[in-house]
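Visitor: Chain A is already provided as a structure; the job is to place chains B and C on it using the hints.
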Amino acid sequence: MGEREIAIVSFAEVIVERSDRDDCELLLPVLKRALGDVGLTQQDIGFTVSGSSDFLGGRPFAFVMATDVLGAWPPIRESHVEMDGAFALYEAWVRLQHGDLDTALVFAFGRPSQGPLHDVMSLQLDPYYMAPLRPDALSLGALAARAALDAGLTSEDELARIAGERRGVPTSTSEPYLREPLRAHATPTLRDGAAAIVLAAGDGARALSKRPAWIRGLDHRIEPHSLGARSLTRSVSTEQAARGAGALGFGADVAELHARFAHEEPLLSRALELPASTRVNPSGGALAQDPVMVTGLCRLGHAARAVHEGAARAIAHATSGPCLQQNLVCTLEAR
Amino acid sequence: MSGPVTRFKSPVRFVFDVPAGPTVSRFLAAVAEGRLFGQRCPTCAKVYVPPKVACPRCGDPLSPEQLPVKETGTVTSFCVVNVPYEGQTMKLPYVYASILLDGADIPFPHLVDAEPADVRMGLRVRATWSDALGPTLESIRAFVPTGEPDAPFDAYKEHL
Amino acid sequence: MNRCAVIGIGQTRHAAKRDDVSLAGLVREAALRALADAGLGFSDIDAVVIGKAPDTFEGVMMPELYLADALGAVGKPMMRVHTAGSVGGSTAIVAAHLVQAGVHKRVLTVAFEKQSESEAMWALSPKFPFQPPLLAGAGGYFAPLVRSYIRRSGAPPEVGIKVSVKDRKNALKNPYAHLLLPDISDEVVEKSPMLWDPIRYLETCPSSDGAAAMVLAAEDSLGGVTNPAWVLASEVRSEPTMFAGRDQVNPRAGRDCAKALYAGAGITEPRRQIDVAEVYVPFSWFEPMWMENLGFAPENEGWRLTLDGATSMTGDLPINPSGGVLSTNPIGASGMIRFAEAAMQVRGTAGAHQVDGAKIAMGHAYGGASQFFAMWLVGRDKP
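Protein chains in written order, with the numbering used here: chain A, 1 to 335; chain B, 336 to 495; chain C, 496 to 878.
One chain only, chain A, in its complex shape (with noise of 0.2 Å):
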């Protein structure tokens, strides 16, 4: 685990139910924001990573058309992760545990509305047992909130519940299925968004931030793909990465669950031993906004505002693959 000091330092994100903005457009004033309101400029960053998907506009290098908008000039230290955006700051977290760099800079793009993206999804699968079936990713969300309503793990009732509260916006058991048991409050609000996180270790940090998120703990794990392979009501992978990361007894004030659908969050809230006290997705989470794959690198954004704006103790939770095959974990804390 790491022995520097790491702290979320400044977070931005534009999230549009629809953009007429290419990644570019979208990407640039975010950049500028997280950058800006630290005073820190491209030139600053000793790192600079991100996370996106391909399949989200159908073609090829999507990541290398964002290289123009960095002001990547001299040229800058750079990777990219084909994952959630919240997988590039766990490159970043490691990047900058070797000490000869002080600053990253992690950011995350996904425009969904280009294309039928839960079909698109269906590409996720085993290429060749599960996919040419195409399944949507609607359809496993389902397949699993019914393995955990029969489990007893939640109802209808409390799915409506959980909807209504994230959505802010009244729900009720009257709504007809989406894809039954899911009524459509229970599935993930799709968006356009983009993200930025800069990252900033020891006295850097505290330089640049009056009270900045420090990393207490991170890690993530994977489960195997086949649904028929591991537990649809108990998330192993977030259990281990949660005592990797420290979050079990962590006493967090806030934390932000990267939950597409509604019968994740009791999942999670159980993998992660939540106690009462802990608010759960405060800023609505995917349920209320779900900008694929800026999604998770949003969980580790608003539950660092939560502890820049007061909260001692966060956590923030983010997931790969279909039925939270992947599971990443980050205890976040002011000192």
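The set of hints was computed from the structure by calculation and includes no laboratory data. Please note: incorrect hints may appear among the correct ones.
Computed from the model, here is a short list of chain B residues facing chain A with C-beta under 10 Å [as the list claims (entries may be wrong)]:
{"no.": "1", "residue": "F343"}
{"no.": "2", "residue": "D352"}
{"no.": "3", "residue": "A355"}
{"no.": "4", "residue": "G356"}
{"no.": "5", "residue": "T358"}
{"no.": "6", "residue": "V359"}
{"no.": "7", "residue": "L363"}
{"no.": "8", "residue": "F372"}
{"no.": "9", "residue": "T378"}
{"no.": "10", "residue": "K387"}
{"no.": "11", "residue": "V388"}
{"no.": "12", "residue": "A389"}
{"no.": "13", "residue": "G394"}
{"no.": "14", "residue": "D395"}
{"no.": "15", "residue": "P396"}
{"no.": "16", "residue": "S398"}
Even for Gly, the Cβ is constructed at its ideal location relative to N, Cα and C.
Guide: What follows is chains B and C alone, placed relative to chain A:
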């Protein structure tokens, strides 16, 4: 019993609806009227044709002012394409070139309609427009030689 | 920063079509060989870092999710890197960082491409909206750069041909190489069709199915391995795709990356101190171009190294003893093969293409519009 399965087809068809974004949209609207323009970086003063969202070097948004550029330019480099590929619309062989328009500070790729043997670095060319204009760079049918003397190497060596 | 060493290396048989294996079978073939080389099993591995070029190549979105099982990643952290053509190198560097940062003791890193499962030309040269379909694959982009280099340097036209022949002859000594052309000669290359003039067919890389894997370990976790390849330094640099006045022939990102790399390893005279290099040369002319970019030759004189024979197996700076990208090109894995081959050289395990007594070797990868660079130096002796 059949033999081992080594390969099967799993066709995928998704339709993507991609917005051009305001920057590209403004430029393509001009192209549809048979007009080209550039935009200047407020920091390094370089003129980009086609305009970009930001100056890639400086990371700053380009000034919105539409600067006129000429339809003539210089071939900075080129290759002769002899290899067919799926979806290709050009007849082989064809010349794919980087063209530095007069008034621009960065070349952009397009076709040169000339015998491949007659195309050189430094060749002076002029845009010829298609009969059917639309919001696409294909509205420029190709660039053709102007017959002027070649530009000296020093005039474009910073654009390789 | 903790020391990190390569203790296991594996490659697949590379071929135009590996119809005998699935995607999982392909990556597993390389991973199991790397583990066997290290004398380890999947249970000894703490984390997996996988890389490949665009997902559109195989039509599988974020394939690491499906490949987690086959790579023994279940219950572990798994990362997926994508930095265009440099990805194989970047992936190895991310894995090395995990060890160097003290996060893990042993990391498995894998890179692959199974280009036969989709249409690579489509993936590399799609009909982007709002752009005319002018290009024809990567060659259409890089050929004008080659022309610019020839003009700038005054290199004689046979340089590209010499590189092609040298690398293809080297490949004949590499049991994993894809393209084997026993009858290769200057004349054969010269008479091959001009695809993207000035680039001939035999001056281009093939399209391969293949994977490469390495096990990276901390100093206290080498197990029984007595000939580790120590990571002396690694660096990455990126610059924009295009900007006014950008030098695409000799990009600054590559120059800066090499300079920082040498500084990190205490190298002051790269040409003399580095014994062998595996350099990403997808089109023959990129050998002389990269010789200059990497500081092995003064500007406009890289071609002399090729013509003088310095870059041949018997020269003072053998480049691509494995046969290079010109002989084997599973795109996402090509960079990692460079990094792995460099490690093989200093471990003394390169077999028939071993450079005698190699102590320090370079692995190099680049991608995008010659804008993303990843490099490492590995050494026989502990730093």
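Visitor: Tell me the numbers of any earlier hints that the structure contravenes, in ascending order.
Guide: 7, 8, 16
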